[in-house]
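Protein chains: 2
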Amino acid sequence: MYEGVVQDLIDELGRLPGVGPKGAQRIAFHLLTSDPADVTRLAEVLVQVKEKARFCERCFNVSQDALCRVCADPRRDRSMICVVEEPKDVAAVERTREFRGLYHVLGGAISPMDGVGPQDLRVAELMQRLSDGEVTEVIIATDPNIQGEATATYLSRFLKDLGLRITRPASGLPVGGDLEYADEVTLGRAFEGRRAVGA
Amino acid sequence: MYEGVVQDLIDELGRLPGVGPKGAQRIAFHLLTSDPADVTRLAEVLVQVKEKARFCERCFNVSQDALCRVCADPRRDRSMICVVEEPKDVAAVERTREFRGLYHVLGGAISPMDGVGPQDLRVAELMQRLSDGEVTEVIIATDPNIQGEATATYLSRFLKDLGLRITRPASGLPVGGDLEYADEVTLGRAFEGRRAVGA
Chain S
1 MYEGVVQDLI DELGRLPGVG PKGAQRIAFH LLTSDPADVT RLAEVLVQVK EKARFCERCF
61 NVSQDALCRV CADPRRDRSM ICVVEEPKDV AAVERTREFR GLYHVLGGAI SPMDGVGPQD
121 LRVAELMQRL SDGEVTEVII ATDPNIQGEA TATYLSRFLK DLGLRITRPA SGLPVGGDLE
181 YADEVTLGRA FEGRRAVGA
Chain L
1 MYEGVVQDLI DELGRLPGVG PKGAQRIAFH LLTSDPADVT RLAEVLVQVK EKARFCERCF
61 NVSQDALCRV CADPRRDRSM ICVVEEPKDV AAVERTREFR GLYHVLGGAI SPMDGVGPQD
121 LRVAELMQRL SDGEVTEVII ATDPNIQGEA TATYLSRFLK DLGLRITRPA SGLPVGGDLE
181 YADEVTLGRA FEGRRAVGA
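If you read the protein sequences in the order shown, they are chains S and L. With the first letter of the first sequence counted as 1, position 4 gets the number 4 in full-length UniProt numbering; the numbers rise by one all the way through. With the first letter of the second sequence counted as 1, position 48 gets the number 48 in full-length UniProt numbering; the numbers rise by one all the way through.
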């Protein structure tokens, strides 16, 4: 519908996840009228991300060096590993500032429907890391959905003979939410995991 | 939250219209794991669009040459000019394949709230184009909202002494819509503009 490069840009933008045809058009026109320096910077950072970004050799988080910032940080507690599905989950846990251990990114979750089995995840690499005896607790922080729960169940069985503490983050009511609007499963879990308060 | 270039990319993507922080992160991870050739192509097209794309000297549609594809096409009917707000409106009208005339892109609509007056739109350039006597009809296809209607009213008054036919696309019920769900103004316009049917 548009001429040459403008249509090319709309086509390329439309291939990005979460960007529909209207969104691609909107972004293209924004870029057309924006400062050339801004567009050049975006183009440069796209090239650089493919050149420089890679995955941490140890935990498979995104990284700019052989080891990611967390693995390379000597102040992190090396006795705990938090197992997550994707690098974005590392960022989510880091934002809480509650966890000072290390991570292990599985690269997905078990999902027979999508043809993803345990052999497609970085489970062997996790076992390798646990073999040095430094780790004492593994927190399985996969998503609280069917695939994530299946992955957590698989991992906890797989790891149970290693003599480690295996934990899973608590399920319950989201903070700031309404009890009335919680789904039955979440509310059920919240009751199951209730804690004594006060004195 | 992420390292170096990955965070840079998320920041840059997050500046695009309609892309929130979660969307920027999603796109960044998609690009991280996608074929380097695809990312290079996106980077190249971004650079090219700023180098090659410009605005048509006559109608101010986006173009790759001095004149856009529509203005340069000898088969277009030069007696009609369709006035629109933005280049994306040209694309929308072109998709209908109903209009074979030329366009004029105003570059916005009158909006006192945003400090946009008639002098900020390409009205003088439109007058210049109408002065050669070749044009006999001007279709004012600004958006059917407050700003677009104000612009249409302004233009129709401004042009009324030129002896041209001044028209506006019909307002009415969208095809495929439900009468029940039409807003009062649209339904009112649809009744006002009703047409005789059959014989």
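Just so you know, these hints were derived from the structure itself, not from any lab. Heads up, some of the hints might be wrong.
Pairs involving identical chains hold if they fit within one copy or between any two copies, as the list cannot separate such chains.
[Unchecked claim] In silico lysine to aspartate or glutamate, EDC-like type, Cα no more than 20 Å apart, as pairs:
#, residue 1, residue 2
1, K50, D38
2, K88, D65
3, K50, E149
4, K52, E3
5, K50, D35
6, K160, E134
7, K22, D65
8, K22, E86
9, K50, E3
10, K22, E85
11, K52, E149
12, K22, D73
13, K160, D132
14, K88, D11
15, K160, D178
16, K50, D178
17, K160, E192
18, K52, D178
19, K52, E125
20, K52, D11
21, K22, D143
22, K160, E44
23, K52, E98
Status of the hints after comparison with the structure:
Within a single copy, K50 and D38 get their C-alpha atoms as close as 19 Å, and across copies as close as 10 Å, so both meet the 20 Å cut-off. Within a single copy, K88 and D65 get their C-alpha atoms as close as 18 Å, which meets the 20 Å cut-off; across copies the closest is 43 Å, which misses it. With identical chains, the CA atoms of K50 and E149 are never at most 20 Å apart, being 32 Å at best within one copy and 48 Å at best between copies. In the homo-oligomer, the alpha carbons of K52 and E3 lie at most 20 Å apart only across protomers (10 Å), although the nearest pairing inside one protomer, at 34 Å, exceeds that limit.
Taking identical chains as interchangeable, the C-alpha atoms of K50 and D35 lie at most 20 Å apart only when they sit on different chains, with a minimum of 9 Å there against 24 Å within one chain. When the C-alpha separation of K160 and E134 is checked against a cutoff of 20 Å, the pair qualifies only within one copy, where the shortest distance is 16 Å, while the shortest distance between copies is 85 Å. When the C-alpha separation of K22 and D65 is checked against a cutoff of 20 Å, the pair qualifies neither within a copy, at 38 Å, nor between copies, at 25 Å. With identical chains, the CA atoms of K22 and E86 are at most 20 Å apart between copies only, with a shortest distance of 14 Å across copies and 29 Å within one.
Taking identical chains as interchangeable, the C-alpha atoms of K50 and E3 lie at most 20 Å apart only when they sit on different chains, with a minimum of 13 Å there against 29 Å within one chain. Proximity of K22 to E85 under the C-alpha cut-off of 20 Å is restricted to the inter-copy arrangement: shortest distance 17 Å between copies versus 31 Å within a copy. For a Cα distance limit of 20 Å, the shortest separation of K52 from E149 qualifies neither inside one copy, at 34 Å, nor across copies, at 51 Å. Within a single copy, K22 and D73 get their C-alpha atoms no closer than 43 Å, and across copies no closer than 26 Å, so neither meets the 20 Å cut-off.
Taking identical chains as interchangeable, the C-alpha atoms of K160 and D132 lie at most 20 Å apart only when both belong to the same chain, with a minimum of 16 Å there against 86 Å between chains. For a Cα distance limit of 20 Å, the shortest separation of K88 from D11 across copies, 15 Å, qualifies, whereas the shortest one inside one copy, 26 Å, does not. In this assembly of identical chains, K160 and D178 lie within 20 Å of each other by CA distance neither inside one copy nor across copies; the values are 36 Å within and 60 Å between. With identical chains, the CA atoms of K50 and D178 are never at most 20 Å apart, being 43 Å at best within one copy and 49 Å at best between copies.
With identical chains, the CA atoms of K160 and E192 are never at most 20 Å apart, being 23 Å at best within one copy and 76 Å at best between copies. Taking the shortest alpha-carbon separations for K52 and D178, neither the intra-copy value of 44 Å nor the inter-copy value of 53 Å comes in at or below 20 Å. Within a single copy, K52 and E125 get their C-alpha atoms no closer than 23 Å, and across copies no closer than 49 Å, so neither meets the 20 Å cut-off. When the C-alpha separation of K52 and D11 is checked against a cutoff of 20 Å, the pair qualifies only between copies, where the shortest distance is 16 Å, while the shortest distance within a copy is 26 Å.
When the C-alpha separation of K22 and D143 is checked against a cutoff of 20 Å, the pair qualifies only between copies, where the shortest distance is 16 Å, while the shortest distance within a copy is 31 Å. With identical chains, the CA atoms of K160 and E44 are never at most 20 Å apart, being 47 Å at best within one copy and 51 Å at best between copies. In this assembly of identical chains, the alpha carbons of K52 and E98 never lie at most 20 Å apart, being 29 Å within a copy and 50 Å across copies at closest.
In terms of the numbered hints stated before, the structure departs from hints 3, 7, 11, 12, 15, 16, 17, 18, 19, 22 and 23, listed from lowest to highest.
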